[in-house]
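Asker: Chains as they are written, first to last, in the working numbering: chain A, 619 to 733; chain B, 3 to 113.
Everything labelled a hint here was simulated from the structure, so no lab data went into it.
A couple of the hints might just be wrong.
[Said to hold, decoys possible] Here are the simulated lysine-lysine pairs, DSSO-like style, with alpha carbons at most 27 Å apart: (1) Lys-51(B) x Lys-675(A); (2) Lys-51(B) x Lys-621(A); (3) Lys-689(A) x Lys-621(A).
[To be verified] Computed beta-carbon distance windows for the label pairs: (4) Leu-629(A) x Ser-86(B): 42 to 52 Å; (5) Lys-636(A) x Lys-60(B): 29 to 39 Å; (6) Glu-17(B) x Ser-698(A): 26 to 36 Å.
Here a beta-carbon is modelled for each residue, glycine too, at the ideal position from N, C-alpha and C.
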Amino acid sequence: DVKVTQSSRYLVKRTGEKVFLECVQDMDHENMFWYRQDPGLGLRLIYFSYDVKMKEKGDIPEGYSVSREKKERFSLILESASTNQTSMYLCASQEDSDSTNYGYTFGSGTRLTVV
Amino acid sequence: AQSVTQLDSQVPVFEEAPVELRCNYSSSVSVYLFWYVQYPNQGLQLLLKYLSGSTLVKGINGFEAEFNKSQTSFHLRKPSVHISDTAEYFCAVSRTGKLIFGQGTTLQVKP
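Take the sequences, apply the hints, and build the full model.
Answerer: Structure (structure tokens):
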């Protein structure tokens, strides 16, 4: 089974800190995604990547950036954390866009609290 | 633009009763549709998906969904729920390979 591992389950950071959320997948998937999950809003796409060193903005990229230096690792960066970025962050991987599978494999999530 | 609407934010139901979680989508092109489940403190797990073919799709844990193109719906059903089905359920539609999710429906199964 594909595994998507998010390095932290819970994080507490201070306002203004630079925060790194790490995600690693072990099945050579091409595509990786970062979502945030908030009650009543579902999952909203922050950034995604279809290849190493490639990144594209999703629906809510403001205040975030990403890095994909290696195929298996996709990092989400909060340049200067703010309280409105308190949320559950979910990473997902996908084999590729042409695969008839289309399914995502999700990590367990990182619950970030910014104080 | 594609979007997904889950019509109920919470669905309370007694154990062994049937349940339907409603999902409507908007799209001007052919779609791929998904249902995911999220148990407490976990990531999302795929329940089932519709890519093509039969409009009735069977998934894991006894769930099934029916794709209705004319009503642009993809409702999730289970004939008899268990306490262990208590979770949040997300409907999603594909957009150029990316998934767009609905707001989620919390299924609360009561004994």
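Asker: Could you run down the list of hints and mark each one as holding or not?
Answerer: Okay, the hints, checked on the actual structure:
1. Lys-51(B) x Lys-675(A): holds, 26 Å
2. Lys-51(B) x Lys-621(A): holds, 20 Å
3. Lys-689(A) x Lys-621(A): holds, 14 Å
4. Leu-629(A) x Ser-86(B): 42 to 52 Å: violated, 29 Å
5. Lys-636(A) x Lys-60(B): 29 to 39 Å: violated, 46 Å
6. Glu-17(B) x Ser-698(A): 26 to 36 Å: Check failed, 48 Å falls outside 26 to 36 Å.
Violation of the numbered hints given earlier is confined to hints 4, 5, 6; the remaining hints are satisfied by the structure.
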